[in-house]
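Novice: The primary structure of each chain is shown beneath.
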Amino acid sequence: MSKQQTYWEDIEIGTSLPDLVKKPTTRQLVQWAGSSGDLYEIHYDKDQAIANKLPGVIVHGALKGAWIGQMLTDLAGDHGWVKKYTTSYRGMDVPGDTISCKGKITKKYITGEEHLVETEMWLENGKGEKTTLGTGVVRLPSKPK
Amino acid sequence: MTTYKFYTFESVKKTIGIESEPSTFEIEKEPIRRWADAIGDHNPLYHDEEYCKKLGYRSLIAPPSFLTNYDYPLSPFQAPKYPVLTGRTLNGGNEYECYLPVQAGDKITITIVTSDVYQREGRLGLMTFIMTDYIFRNEKGEKVGIGRHLGIHY
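Each protein sequence line maps, in turn, to chains C and Z.
Just so you know, we're using this note's numbering here: the first sequence kicks off at 44 and counts up by one.
Just so you know, we're using this note's numbering here: the second sequence kicks off at 32 and counts up by one.
Looking at chain C on its own, in the form it has when it is part of the complex:
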């Protein structure tokens, strides 16, 4: 599978990133628990989640963060590089919901040899509420002159 490379010249401030839609299931949370090593019970054991004052099992913050990361690595492609990103988990997400990961370009500049863009990203739950916020800094290849 080869991917289309985005070049720095291809995008402008305000350009939207392609939406990434996720439909987490409890099964996926268990898969993430196993692969990440985060075995905290609130992500797969309903009784434990409720005992912790939560509505039920909730999606791991770091999994939502990994989706934010996926948006950025998709933007960077094979020849770009994700330099930095941040995530802030503002609301809880639950399995069974549809979560849309969205974003846009907020800055575009050159520092030394690096062609950089900055992004703003967020996750929306099925009700359209923003449950997660993110920012990113990505280096993109520049088109040969």
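Mixed in with the good hints, there may be bad ones.
Quick look at which bits of chain C chain Z covers, simulated, 3 or more residues with Cβ under 8 angstroms [stated by the list, open to error]:
id : region
1  : 76-87
2  : 102-114
3  : 123-132
Hint data in this document are derived by calculation from the structure and do not stem from the laboratory.
We put the beta carbon where it would ideally sit given N, CA and C, even for glycine.
Could you slot chain Z onto chain C? The hints should help.
Specialist: Relative to chain C, chain Z alone:
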């Protein structure tokens, strides 16, 4: 198996700036593939070693937040000498800085530092926020990345 220990605000505060003992682990292909499968990311950089080699890499690439997902040594504040407060935690946020590519076969050394601790009232009562930094170095001693985690204890 729950390994969460319980700490007091004061006990955690005392550990700000103290680096944990270093711990070294090897980056392996299968964990990278499973990690990518768990988030539903089909990027060939995480699955197809030949594809990576054509790009000049030696093996599969670790995704940006992959390093912070390993089983770690305990944070300094989790040392057993500190007493306990609460066992309930949430993830408030993460931050990742990636300086150099990390590939399967690399041996990465991690150290952990508590960088900030504060408290405030929130939806779930008095909440303690603990910022933990994870610092990753390769075999040459180069810093390859940093992960930060904001733990909310309530």
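Novice: Would you mind marking each hint as holding or not holding in the structure?
Specialist: Going through the hints against the structure:
no., hint, verdict
1, 76-87, "holds (count 8)"
2, 102-114, "holds (count 9)"
3, 123-132, "holds (count 9)"
The structure meets every hint from the earlier list without exception.
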